[in-house]
Every structure is written in C-alpha cells, then in structure tokens.
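> Given next are the chains, with one letter for each unit.
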Amino acid sequence: MPTDESIRKLCNLSRLEIEDSEFEKTSGKIKETLEFFGKLDEFKMDQEDKSESNDAIEIPKENNIRIEKSFDELRDDVPRVMSSNTVNNPNLISGTSTTSSTTTTSKVTESIQEKNTKNSPLDSFNEFTFLNTKRGYVIGPRIG
Amino acid sequence: LSALHQFPSNQISGKILNREISSEEYVSSIIERIKGIDSRINSFITTSFDKSISKAREIDCKLKSKEKVGKLAGFVIGIKDNISVAGLKTTCASRMLQQYISPYDATVIERLEKEDAIIIGKLNMDEFGMGTSSEFSRYGPVHNPWNFDYVAGGSSGGSAAAVAAMQVPVSLGSDTGGSIRCPSSFCSVIGLKPTYGTVSRYGLVSYSNSLEQIGPIARTIDDIVPLLNTISGEDVHDNTTVNSRNSFRLPDANEIPDKKYRIGVINDLLFTSEKQIIETISNKLDLLKEFDFFVGEASLKYYDFALAAYYIIATAEASSNLSRFDNVRYGFESNPEGYEWNSYFSQMRSNFGEEVKRRILVGSFVLSSGYYGKYYAKAQKVRSIIKKEFARLFKIFDVLVLPTMPILPFKIGEKTSRPIELYNLDIYTILANLSGLPAISIPAGFSKNGLPIGMQLLANEFEEQKLIDLAAFFEKNDNSMKVHPDI
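Line by line, the protein sequences give chains A and B.
Throughout, this note's numbering is defined as the position within the first sequence, counted from one, plus 1049.
Throughout, this note's numbering is defined as the position within the second sequence, counted from one, plus 6.
So that you can see chain A by itself, here it is in the shape it has in the complex:
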C-alpha cells in the first residue's frame, strides 16, 4: 500500500497538483481503490486450466517479468526485407536494394540490416506472410 509520501511523489510524476486541503481525501480514495485492486492477490497466474491455454495470450509469470532493458539490448527497429508477394514498396529497406546512394545513412542501415540478418535469418522471415498490410506496411493486430 502506498504511503502519503509515495502518493505525493506519484502526483509529481503524473504532473498533477493536489491542494493540501484535498490531499488527505484523495490519498484515502487512492488507497481504497488499490485495496479494491488487491482482489487480484487471490488470483494465481497459473490458475488457468492448462488444457485450454493454447490460444491464450502468454504473459510471463510474476517472478519472470523483466520490464527494464539496457539501451544496447533494444531491437534495431528498422523495416526488414519482406517477401515479394506481400510488399512491393521501393521505400522499404531491402536486402537486394540497388540504390546507388552511398550516403552515411545507407551505410548505417546496411550495418543494421546485417545485424538483423544475423539475429533473425531472413529466410524464415520471408516465409512469413503478413495478413494485415496497408500500402506495404504491416499495421498492428487484427481481430477475427
């Protein structure tokens, strides 16, 4: 349960000013709400029937959750080669690109690409067909 001090810190982080006269009331209601959320303490992450869990969204168990990554570990988020039947956009970086530009940018992207290729083989990537593309870009999840 957060202390009054941590709620003040939370206000500061959320860029919300709460009048001193209002603070006690607000803090009380926040604690009450978090107590209400505490209902989930009774829920165990492995409570679900395993036989039905094949199509569930996999969420790591509490102890294994890792939410911080060092900068070096972040994925290079650069579009990669896509199979010809899904993408024909010349603006996307391609492993077979014949662009004559020798700018620094292209060198950087080449090196990134090389890194990406090492990390995840393009062959398997090419086999994957995106169902949800628009103008050559993959656009988020789709229901149904």
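Just so you know, these hints were derived from the structure itself, not from any lab.
There may be inaccurate statements among the hints.
[To be verified] Here are the simulated DSS-like cross-link-like pairs (lysine-lysine), alpha carbons at most 25 Å apart as the crow flies:
| no. | chain 1 | residue 1 | chain 2 | residue 2 |
| --- | --- | --- | --- | --- |
| 1 | B | K77 | B | K21 |
| 2 | A | K1078 | B | K417 |
| 3 | B | K482 | B | K266 |
| 4 | B | K417 | B | K281 |
| 5 | B | K380 | A | K1088 |
| 6 | A | K1093 | B | K393 |
| 7 | B | K70 | B | K21 |
| 8 | B | K70 | B | K95 |
| 9 | B | K41 | B | K21 |
| 10 | A | K1088 | B | K454 |
| 11 | B | K307 | A | K1093 |
| 12 | A | K1078 | B | K421 |
| 13 | B | K72 | A | K1074 |
| 14 | A | K1088 | B | K393 |
| 15 | A | K1080 | A | K1058 |
| 16 | A | K1093 | B | K380 |
| 17 | B | K380 | A | K1078 |
| 18 | B | K482 | B | K295 |
| 19 | B | K421 | A | K1088 |
| 20 | B | K421 | B | K454 |
| 21 | A | K1088 | A | K1074 |
| 22 | B | K57 | B | K74 |
| 23 | B | K380 | B | K307 |
| 24 | B | K421 | A | K1080 |
| 25 | B | K120 | B | K74 |
| 26 | B | K41 | B | K57 |
| 27 | A | K1088 | A | K1078 |
| 28 | B | K417 | A | K1074 |
| 29 | B | K421 | B | K307 |
| 30 | A | K1058 | B | K380 |
| 31 | B | K380 | A | K1080 |
[To be verified] Just some of the chain A residues that point at chain B, by a computed CB distance under 10 Å:
| no. | residue |
| --- | --- |
| 32 | S1055 |
| 33 | L1062 |
| 34 | K1078 |
| 35 | L1089 |
Because the structure is a prediction, the values reported are computed rather than measured.
For glycine and all other residues, C-beta sits at the position ideal for the given N, C-alpha and C.
Please build the complex by placing chain B on the supplied structure of chain A, with the hints as guidance.
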C-alpha cells in the same frame, strides 16, 4: 404519436422522402423540443442549431430537385462530447477542454454526414467518460428523464437521456466499461456496444483504447440498424477496425423464434442484483421460453476478478492517454508568465476533475515498475481467461442474458463520494469490454416507483445480428419497450 419529435427516425425519414413534411420543419420541431426541456435534463453541452437548419434546407432542396439523398436523410443525431465534430467544441465535459474546437471530423461523423444525417449538438457525459452516473461533468449532472432527481447513468448519460426525453431520436455514445449500456438501461432506451474493431475510433478522445467502442442509442431497434450500418467498417485511420464490412438487417420479428437461438443465463451474476431486477429479467426469460427458445444456465468462471482487472487496465491506459493534456497542445488560455515549466504543467493539469485525477494517479501507480506484475500483468491474464471463458460459452449458447445494471437508478449525489461503490456497479457491463464482445441493453420494465430496468444481451464477436434479432423480438412482444416519459 402526435408531435414530430416523438417519431422514430426511420418513420420521419420516410415522411421526408415522400415530402409529407420538410426536413426543415422536422429539425425546427426538434430544436423547439431541446430548447423547451433541456434546462431540466441538462443533456446538451453544445448545440448546432443554425448549421442543422442549413443542412435541413440543403436536403429539402435536393429532394425538390429530385437529386439523390443519403440513407440517413431525416436522421437528427446528438453526439457524445468526446467524439470530434469539425467546428464544434469537443469538451469531454472537462474544464481542460472547455475551449477546444475540433479541427476535424471523427470517421463516424464523416460517414453520418455523407449519408445526410444532421448533427444537432454535443451531449453531456462524465468527464472523459470516467463515471457511471454522468455526475462528474464540468457542466453539471444529467437528470434522468423518468425522474429528475435521479441519475441518467454514465458515462454517455446525455446521449441516453436526450433520446429518452425525445430531444433527439438517436445519438452516438462511447462504451469503455458500459458507458452506452448503463445510461440506456437507466433511461429505458436501446444502446448497442459493437464488437471491438467494428466501428472506427478515429476522432474519439481516447480514455482506454483497448476497451472502448462508439455505438448507437435509439428508442427503437429500427433506428439502431441503419446507424450501425453507416458507422461500422474498416477505416484507414484506425488500425484496429476490421476489414469485412458487416451489413446488419432488420429482421421480421415473426421469424425470429424459428431461428431457435440458444439463450444462456449467467445465474451467479443475475442473483446478485436487486430483487425487482431479478424478477423483471426472469419474466423476460419466461417470455423467451413461451416462444420455445432454449433457455439454459451458463456459468462463467473468474468473473469475480473481472472488475479489478478492468479498472487496472482502464486506469493504466487513461494515465497514458491523458498525459497529452498539458494546456499547450490542448487546453484553455492561461498566461504562463512567471511560471517554471514543470510547475505550470502541473498547475494546468490540475484542472482535471477529481475523479479523472484519481484515475490518472492510480493508473500511474499500477504501471510503476515495482507493481507491474502485481497489478497490470495479472489484469491482462484475467482478461485473457475471461475472453476464453466466453469463447467456451458461445460454443454452447448463441446469446447470454444478464441485467444491464445490478441496481435501479439512484439519486443524484447519493454515491459520488464513494468511488468503489460506483465501480462495483459496472460488474455486468465490463465483461463485454474486457472480451471485446458486442452487447446491447434493451428496456425490460420498471420498478414499483417507476424507474427503468434494462436487460443486457451478449453475443459472440461480430454476431451483432443475433442481438438485433432478439431486440426486435422483444420490441414486438414486450410492451416495456413502447413506454416513454411524459415531459
């Protein structure tokens, strides 16, 4: 029906197309009605009377010169004030946005206007959609048309109250945890929350992206269907919209029993309602049995974790979504002279209402690194299990029945100081939002002291047609859908 404002849109539309009445004549009668009673209901925040009259004249001219008009010619629509309409204020019932005029139309508005619908104004709501009673509004509470001392439900309270009070025949609301269905139940009108992804959210001021959907509210199912058909479908501005454009149709009510829908009743939840509500819903189930529908008991596991999971996800998303309101990009005129940036930022954001501030703080807390696993990860897991539970139930049943709300409408001011009590009222409605399913609230009857009771029907994803069929069935066979308040 004697006055024009009392007619449902589909009937008025016919009269306008046959040139029995002019569109201008109809819009004028609606304007008169709004002016006449809104001081008692408080459902409108902004009106657009001049523009509506111009649009009506435009439609009349088209008809006179035998030009083609849109499918919704004659539909006058009120819009919840968190949906952007170009040139009109979009305040979200908040002080933060009280001067904000939207520079563009939401996709749903574009689609409505393309079909010649007339936008008559913006409707009152809980600030940023956060509430169950429409009391948390910068513009004061919405009053229930059935009894002005009572709440209209929320957060789309203005949208439902305006329809019930016959200020408008139809309106749009948004539903994050029951915000269309709760006020529809409290005001005795029909409110539909479509499957997540059916209607574009582009132009909707986001509170909780993964839960909310825009949907129609009307007095008859005949008005819900054309509205839903117009606003649904894929939108390039919203990646979560589905690519297949469903076309819903009005069924012949006599044919519906032949469809042999299997109805499931979640008894564990039903019996936690007030006694009068249980009795009313039981009567409706008896009616279904009379017409030889299969009615069986459905059991939903893990529902007792659903409410906490819903509020964790909703507040977490709210804390992120509302961080954009810094009084620089959006907000009102205020002189920053003499302030240090952080202090200015914090002070301006203090213009959020009390409930909104609390949800932002709680959302920030549940996302903070030390508590992520305790709250957010678990909430997502519960969400995934509930979704699977519904998938299991929809292998057995076509439609599930629940009350829309566990209690009757309550008096204004009765529960504002008790947030948890208000959160608990959402237990029946949040299930459809957590699982992305379509759900409809239809009028089911009245309590002994004349307050409305609503019944909720849930179907599997993209099976809105089943909800429409059953709503049409009840509309034909149950008189509680034909009663309107006398104002």
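> The structure should be examined with respect to each hint, and the outcome stated for every one.
Verification of the supplied hints:
{"no.": "1", "hint": "B:K77 / B:K21", "in the structure": "holds (13 Å)"}
{"no.": "2", "hint": "A:K1078 / B:K417", "in the structure": "holds (22 Å)"}
{"no.": "3", "hint": "B:K482 / B:K266", "in the structure": "holds (17 Å)"}
{"no.": "4", "hint": "B:K417 / B:K281", "in the structure": "holds (19 Å)"}
{"no.": "5", "hint": "B:K380 / A:K1088", "in the structure": "holds (11 Å)"}
{"no.": "6", "hint": "A:K1093 / B:K393", "in the structure": "holds (17 Å)"}
{"no.": "7", "hint": "B:K70 / B:K21", "in the structure": "holds (14 Å)"}
{"no.": "8", "hint": "B:K70 / B:K95", "in the structure": "violated (33 Å)"}
{"no.": "9", "hint": "B:K41 / B:K21", "in the structure": "holds (24 Å)"}
{"no.": "10", "hint": "A:K1088 / B:K454", "in the structure": "violated (35 Å)"}
{"no.": "11", "hint": "B:K307 / A:K1093", "in the structure": "holds (14 Å)"}
{"no.": "12", "hint": "A:K1078 / B:K421", "in the structure": "holds (13 Å)"}
{"no.": "13", "hint": "B:K72 / A:K1074", "in the structure": "violated (64 Å)"}
{"no.": "14", "hint": "A:K1088 / B:K393", "in the structure": "holds (19 Å)"}
{"no.": "15", "hint": "A:K1080 / A:K1058", "in the structure": "holds (14 Å)"}
{"no.": "16", "hint": "A:K1093 / B:K380", "in the structure": "holds (10 Å)"}
{"no.": "17", "hint": "B:K380 / A:K1078", "in the structure": "holds (19 Å)"}
{"no.": "18", "hint": "B:K482 / B:K295", "in the structure": "holds (16 Å)"}
{"no.": "19", "hint": "B:K421 / A:K1088", "in the structure": "holds (22 Å)"}
{"no.": "20", "hint": "B:K421 / B:K454", "in the structure": "holds (22 Å)"}
{"no.": "21", "hint": "A:K1088 / A:K1074", "in the structure": "holds (22 Å)"}
{"no.": "22", "hint": "B:K57 / B:K74", "in the structure": "holds (21 Å)"}
{"no.": "23", "hint": "B:K380 / B:K307", "in the structure": "holds (21 Å)"}
{"no.": "24", "hint": "B:K421 / A:K1080", "in the structure": "holds (18 Å)"}
{"no.": "25", "hint": "B:K120 / B:K74", "in the structure": "holds (12 Å)"}
{"no.": "26", "hint": "B:K41 / B:K57", "in the structure": "holds (16 Å)"}
{"no.": "27", "hint": "A:K1088 / A:K1078", "in the structure": "holds (16 Å)"}
{"no.": "28", "hint": "B:K417 / A:K1074", "in the structure": "holds (23 Å)"}
{"no.": "29", "hint": "B:K421 / B:K307", "in the structure": "violated (29 Å)"}
{"no.": "30", "hint": "A:K1058 / B:K380", "in the structure": "holds (20 Å)"}
{"no.": "31", "hint": "B:K380 / A:K1080", "in the structure": "holds (15 Å)"}
{"no.": "32", "hint": "S1055", "in the structure": "holds (8 Å)"}
{"no.": "33", "hint": "L1062", "in the structure": "holds (6 Å)"}
{"no.": "34", "hint": "K1078", "in the structure": "holds (6 Å)"}
{"no.": "35", "hint": "L1089", "in the structure": "holds (5 Å)"}
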